[in-house]
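In order, the protein sequence lines correspond to chains A and B.
Just so you know, UniProt numbering puts 122 at position 122 of the first sequence, and the rest follows in order with no gaps.
Just so you know, UniProt numbering puts 157 at position 157 of the second sequence, and the rest follows in order with no gaps.
It is worth saying that the hints were derived from the structure and are not from the lab.
One thing to keep in mind: the hints can contain errors.
[Stated by the list, open to error] Sample of chain B residues lacking proximity to chain A, with all beta carbon distances greater than 12 Å (derived):
(1) 60
(2) 79
(3) 100
(4) 110
(5) 136
(6) 138
(7) 166
[Said to hold, decoys possible] Pairs of lysine-lysine, DSSO-like flavour, derived with a Cα cap of 30 Å:
(8) B:139 - A:32
(9) B:108 - B:139
(10) B:16 - A:16
(11) A:139 - B:32
(12) B:7 - B:45
(13) A:45 - B:45
[Unchecked claim] Label pairs and their in silico Cβ distance ranges:
(14) A:30 - B:140: 23 to 29 Å
(15) B:12 - A:166: 16 to 22 Å
(16) A:134 - B:12: 38 to 44 Å
(17) B:180 - A:134: 27 to 33 Å
(18) B:180 - A:86: 31 to 37 Å
(19) B:32 - A:37: 46 to 52 Å
(20) B:133 - A:48: 36 to 42 Å
This one's a predicted model, so the numbers in the text were calculated from it and none came from an experiment.
Idealized CB from N, CA, C, for every residue including glycine.
2 protein chains.
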Amino acid sequence: MEKSKPKTLPEIVARKEVARSRLIAVEQVDLKFSNGAERCFEKIKGSGQGAVMVIPMLDDNTLLLIREYCAGTHNYQLGFPKGLIDPGEAMQDAANRELQEEIGFAAKRWTHLHQVCMAPAFFNARMDIFVARDLYESKLQGDEPEPMEVVRWPINDYRSLLAQPDFTEARSIAALMLLRDFLEAPDDE
Amino acid sequence: MEKSKPKTLPEIVARKEVARSRLIAVEQVDLKFSNGAERCFEKIKGSGQGAVMVIPMLDDNTLLLIREYCAGTHNYQLGFPKGLIDPGEAMQDAANRELQEEIGFAAKRWTHLHQVCMAPAFFNARMDIFVARDLYESKLQGDEPEPMEVVRWPINDYRSLLAQPDFTEARSIAALMLLRDFLEAPDDE
Numbered sequence: 001m002e003k004s005k006p007k008t009l010p011e012i013v014a015r016k017e018v019a020r021s022r023l024i025a026v027e028q029v030d031l032k033f034s035n036g037a038e039r040c041f042e043k044i045k046g047s048g049q050g051a052v053m054v055i056p057m058l059d060d061n062t063l064l065l066i067r068e069y070c071a072g073t074h075n076y077q078l079g080f081p082k083g084l085i086d087p088g089e090a091m092q093d094a095a096n097r098e099l100q101e102e103i104g105f106a107a108k109r110w111t112h113l114h115q116v117c118m119a120p121a122f123f124n125a126r127m128d129i130f131v132a133r134d135l136y137e138s139k140l141q142g143d144e145p146e147p148m149e150v151v152r153w154p155i156n157d158y159r160s161l162l163a164q165p166d167f168t169e170a171r172s173i174a175a176l177m178l179l180r181d182f183l184e185a186p187d188d189e
Numbered sequence: 001m002e003k004s005k006p007k008t009l010p011e012i013v014a015r016k017e018v019a020r021s022r023l024i025a026v027e028q029v030d031l032k033f034s035n036g037a038e039r040c041f042e043k044i045k046g047s048g049q050g051a052v053m054v055i056p057m058l059d060d061n062t063l064l065l066i067r068e069y070c071a072g073t074h075n076y077q078l079g080f081p082k083g084l085i086d087p088g089e090a091m092q093d094a095a096n097r098e099l100q101e102e103i104g105f106a107a108k109r110w111t112h113l114h115q116v117c118m119a120p121a122f123f124n125a126r127m128d129i130f131v132a133r134d135l136y137e138s139k140l141q142g143d144e145p146e147p148m149e150v151v152r153w154p155i156n157d158y159r160s161l162l163a164q165p166d167f168t169e170a171r172s173i174a175a176l177m178l179l180r181d182f183l184e185a186p187d188d189e
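Starting from the given sequences, assemble the full structure and let the hints guide the process.
What follows is the structure, encoded as structure tokens:
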């Protein structure tokens, strides 16, 4: 078992775009590792703006979730409101905007819970997770094709939420479990 | 707040491949929602085989993690061993193979912890998370460009793991927090 030590990043020998659609670009990267090994990887270029996820708490024991259509899996999935940060938009403003667009509430009290990424082997997709409390009704029009179903869930019944067949997104699961940990020992108050 | 009700999936009006590289294909899907709204989405076609993640427990309080180069973020990331299931391979066999390739151990005792997905809005990427116990040394040669650094972490110090700047992958965080919950009240024993 090695001890942690500084790592030498592989050298990027060449990079080129190998596919592009309207929204997605794929880049091929030729790498030479510090031991001499050479590999060719593909990575998906994101918008670079990052994204936010919001855990809205209606009261001390009630979470709000949404059920929305997901094209990747072609089904409806239960999860927390989320979305991309607009260019120039502050992170927390993006979180409050998504909350109003997707769920019809704004929040007065915000806590930054954690930053996560997704599949760093081929993505560079950062997401900041916020807890939103002291909610009040406020609706903004988003670009959603249909109104989202809003679902209330008691936090103390989180195991039944984990058991829902449509609550499977790793970032929503991480958010739920980090929230539980935070509520046991909040570090900001 | 609506009650949960059966959803009518949008109709897929048209679909076509709009980009393809050596490893990645992007499909455009034209959809008509049940309220008449029309949208065009892009989704990334995966291998369809699914993936596994393994939480190796060296003893009751020691996790094993790996630190490996990630091309998407161009840095080294700390996380649990994981990989794609080979065609025809059973899920748990894939988990035991990845464990041997990446960390040099096999396991006698396996528990299926949870199934997660990743960004279902544009991916169909399923990952099954296993807990591996009763480990014994066994090395298989994988396709890794360099040996992976293996890192031990005490479970009861999980908050310091969450605080590591290179432990940010949502699926590893979900796995860690689900493990804690499982160890508090294991449901298989």
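Next item on the list: Report holds if the minimum CB distance from residue 166 of chain B to chain A is greater than 12 Å, and violated otherwise.
Entry: violated (9 Å)
Notebook entry, point to check: Given the hint that residue 139 of chain B pairs with residue 32 of chain A, does the C-alpha gap stay at or below 30 Å?
Noted result: Roughly 24 Å separates the two Cα atoms, so the pair holds.
Item checked: Closest CB of chain A to the CB of residue 136 of chain B still more than 12 Å away -> holds (15 Å)
Next item on the list: With respect to the beta-carbon atoms only, verify the hint that residue 180 of chain B and residue 86 of chain A lie 31 to 37 Å apart.
Entry: holds (36 Å)
Notebook entry, point to check: Holds or violated: is the Cβ of residue 110 of chain B farther than 12 Å from all Cβ atoms of chain A?
Noted result: holds (20 Å)
Note to self: Is 27 to 33 Å respected by the C-beta to C-beta distance linking residue 180 of chain B and residue 134 of chain A?
What the structure shows: Roughly 29 Å apart at Cβ, these two residues keep to the hinted range, so it holds.
Check: So the hint says 36 to 42 Å: do the beta-carbon atoms of residue 133 of chain B and residue 48 of chain A match that?
Finding: Once the Cβ atoms are compared, 41 Å apart, the range 36 to 42 Å for residue 48 of chain A and residue 133 of chain B holds.
Check: Between residue 139 of chain A and residue 32 of chain B, is the straight-line Cα distance small enough, at 30 Å or below?
Finding: holds (24 Å)
Notebook entry, point to check: Would you say residue 100 of chain B is clear of chain A, with no C-beta pair closer than or equal to 12 Å?
Noted result: holds (16 Å)
Check: Between residue 45 of chain A and residue 45 of chain B, is the straight-line Cα distance small enough, at 30 Å or below?
Finding: holds (16 Å)
Notebook entry, point to check: Should the label of residue 60 of chain B as a non-interface residue stand, given a Cβ cut-off of 12 Å to chain A?
Noted result: Non-interface label stands for residue 60 of chain B: nearest chain A Cβ at 18 Å, farther than 12 Å.
Margin query: residue 16 of chain B and residue 16 of chain A were given as a pair; does the straight-line alpha-carbon distance stay at or below 30 Å?
Written below: holds (24 Å)
When held up to the earlier numbered hints, the structure conflicts with 2 and 7 and fits the remainder.
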